[in-house]
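*Asks:* What follows is each chain in one-letter form.
2 protein chains.
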Amino acid sequence: MDIQVHTEHEVIAIDADSHSILVRDLARRKDYHHHFDHLLIATGSKPVRPPLPGIEASNIHHVNSLDGGIALKRSLDQQRPQSAVIVGGGYIGLEMAEAFVLHGMKVRLIQRGEQLMSATLDRQTAELVADSLRRHGVDVQLGQSVTGFDSNNGIATGVITDQETFPADIVLLGLGVEPNSDLAAAAGIPLGANRAIAVDRRQRTRRADIWAAGDCAESYHLVSRRSVHAALGTIANKQGKIAGINLAGKKAEFPGIVGTAVSKFMDTEIGSTGLPERTLNELGIQFVSAVVEARTLPRYYPGSSPLTVKLLAEPESKRLLGGQIVGGPGAAKRIDPLAVALHAGFTLDDLLYLDFGYAPPFSGVWEPFVIAARQALKQV
Amino acid sequence: MDIQVHTEHEVIAIDADSHSILVRDLARRKDYHHHFDHLLIATGSKPVRPPLPGIEASNIHHVNSLDGGIALKRSLDQQRPQSAVIVGGGYIGLEMAEAFVLHGMKVRLIQRGEQLMSATLDRQTAELVADSLRRHGVDVQLGQSVTGFDSNNGIATGVITDQETFPADIVLLGLGVEPNSDLAAAAGIPLGANRAIAVDRRQRTRRADIWAAGDCAESYHLVSRRSVHAALGTIANKQGKIAGINLAGKKAEFPGIVGTAVSKFMDTEIGSTGLPERTLNELGIQFVSAVVEARTLPRYYPGSSPLTVKLLAEPESKRLLGGQIVGGPGAAKRIDPLAVALHAGFTLDDLLYLDFGYAPPFSGVWEPFVIAARQALKQV
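Respectively, the protein sequence lines represent chains A and B.
At position 204 of the first sequence the residue is numbered 204 (UniProt numbering), and the sequence of numbers has no breaks.
At position 193 of the second sequence the residue is numbered 193 (UniProt numbering), and the sequence of numbers has no breaks.
No lab work stands behind these hints: they were computed from the structure.
There's no promise every hint is true.
The calculated DSS-like cross-link candidates involving lysine-lysine, where the alpha carbons are at most 27 Å apart (straight line), are [stated by the list, open to error]:
no. : chain 1 : residue 1 : chain 2 : residue 2
1   : B       : Lys30     : B       : Lys73
2   : B       : Lys378    : A       : Lys251
3   : B       : Lys46     : A       : Lys378
4   : B       : Lys106    : A       : Lys250
5   : B       : Lys46     : B       : Lys241
6   : B       : Lys250    : A       : Lys318
7   : A       : Lys73     : A       : Lys30
Here are some, though not all, of the chain B residues that point toward chain A, as calculated from beta-carbon distances under 8 Å [said to hold, decoys possible]:
no. : residue
8   : Val23
9   : Asn237
10  : Gly240
11  : Ile257
Across the chosen pairs, the derived CB separations fall in these ranges [said to hold, decoys possible]:
no. : chain 1 : residue 1 : chain 2 : residue 2 : range
12  : A       : Arg201    : B       : Gln375    : 47 to 53 Å
13  : B       : Lys378    : A       : Glu293    : 44 to 50 Å
14  : A       : His38     : B       : Gln375    : 26 to 32 Å
15  : A       : Lys250    : B       : Thr147    : 56 to 62 Å
16  : A       : Gly284    : B       : Asp200    : 38 to 44 Å
17  : A       : Glu127    : B       : Lys250    : 35 to 41 Å
18  : A       : Arg201    : B       : Ile3      : 54 to 60 Å
Cβ coordinates follow ideal geometry from the N, Cα and C atoms, glycine included.
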């Protein structure tokens, strides 16, 4: 196959009916039409940047691209800011809080909602994450909305919320991403969840011969049985593979996601899969839950640390709905077996007798999620 | 329920027809009959101790009981042996090699077969374990059968094989276990795999009202679809729970095992699940396999170390048959998701798009077993 790569060319319009794109040659300042048999839209996502007063200040950073990360690193090295305010308590906020703490900075994190990680954790598990931030000196401010930024000569000096103003040498926005779907929308290609491009399991859009994959496209969630927008590297990778196989004339279907994510702040690891309470409530899905405090390793084994799991399941069918884990080193990836169980459509009963590996250097005899399943079964 | 515990009483015979046991009161040296409505046999297992010349020497140790472990520790502390010979290259042999190395001893391990861990690993993965032993100064002798022991005044001084004699201050036998099923066999209760007591999924033996659970009983293997003897703590725990629920008048069934096991030697972790090539060949099950060299974490991330996985699957159905993992810290428990996939009866295709957690502190974008699945699919 002959592959031509055009850098400094921007697609400025898609004509789905005539199977052509309007391309701007940025170097030569010339527009031209290009015919396609098949078109793959892989335009990714962009960080949410609300139009607040003062947001254009040069020291208000994003880290959703390599360039953004390099710019932030350069400003840390050159300007040696002493204090950082992070707006948003999701993965990016958390991971950047770790980076700032490791740089010896005074760190404050502002979150609009009443808990951190609200897309994936519930109150009990999120509180453990907040505890970890506080233990490492991060000032966690929950339930405050940012309304703007104080600035001086184009440099932000403070973050204004609906309650207070917090001084800051540097500001990091971690407010999530939204799909880059404007081009598709303008071409009449239907959008779905969170304005992500609607696709079927082969990554086809609703228009003939136009495909989409990655952060700009929807995913099917196997637990909620709905389309969602989940902008994660693993999902983008898989969708790209599926689209590629189909574009190459073979057939492949992306079965869907269960929403697994792992992260960490310092020595606290976080894993989640399936749906948290908030999403279950929004969808009207009944659930029971169990929270179990356990340890990463048997108490007597060197390196053992606390670990808390939460398990959610449907009361009637006993179908597993999700799980969360917060604990010391080794905790996060212990979400993976539960993710596989969600793919399999397993119930609480199925979970009880799964053959997990056991030896004292690795775990207790009963996996925490198995103990949680036993507790949850008492409620169904 | 009224529970009476009789210590220093030994059951010396079971009469299945009359529902009674013959009990010896060891303190009072008196035998008596005791009636039962239901009987649970939980007699466990005993270490294999072949009747070789010299095996009765006092410094030839087992560690299958707490007493055995304490006796060994006492002899290490009091006699300060300089060299140990371990007979057997399974889990016990490996873990005791670690303990002896950490005690600063010269360690030699003798294994009859041509590879270590032959019950769970294949050649490629077992060789990585042997490399790790050798790196830590252990002399690994494969393909040698122990025929007896040199001794002096009841103390073993050397281990004699079919090829050489190796001097030893202390000897550790790690030759596996066999079920304590003689009492059951004498009562006419049918035995199964490896002379373990044959049970159904409720842990019932073939005789009315007699149950068995733990290391003395069989398990059903979900991958080979046969009964096997698997003497592991997690399985014994689960069987005991199942038997207890049934004896208490409720109904519970043990779905079966997939043969998951985890272990380590120093910084090398080992996980396995399902069936290795040797067992597949014995059972006449066709298979394809793929070996993938990957890393525990992305190469650029601190603490990243090599990790090798092997995946086995049935060519026609693409059904997963097993997997092995050998690698640095964090490697072993990454067998658990594959164990869940075996429980679910997943195929290579199912494995491709599972939603594993990904973030650089925890893993690469593609799980090594997923990469292996893609390679294995090219062979089917």
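*Asks:* What are the numbers of the hints the structure violates, in ascending order?
*Replies:* 1, 3, 4, 7, 8, 10, 12
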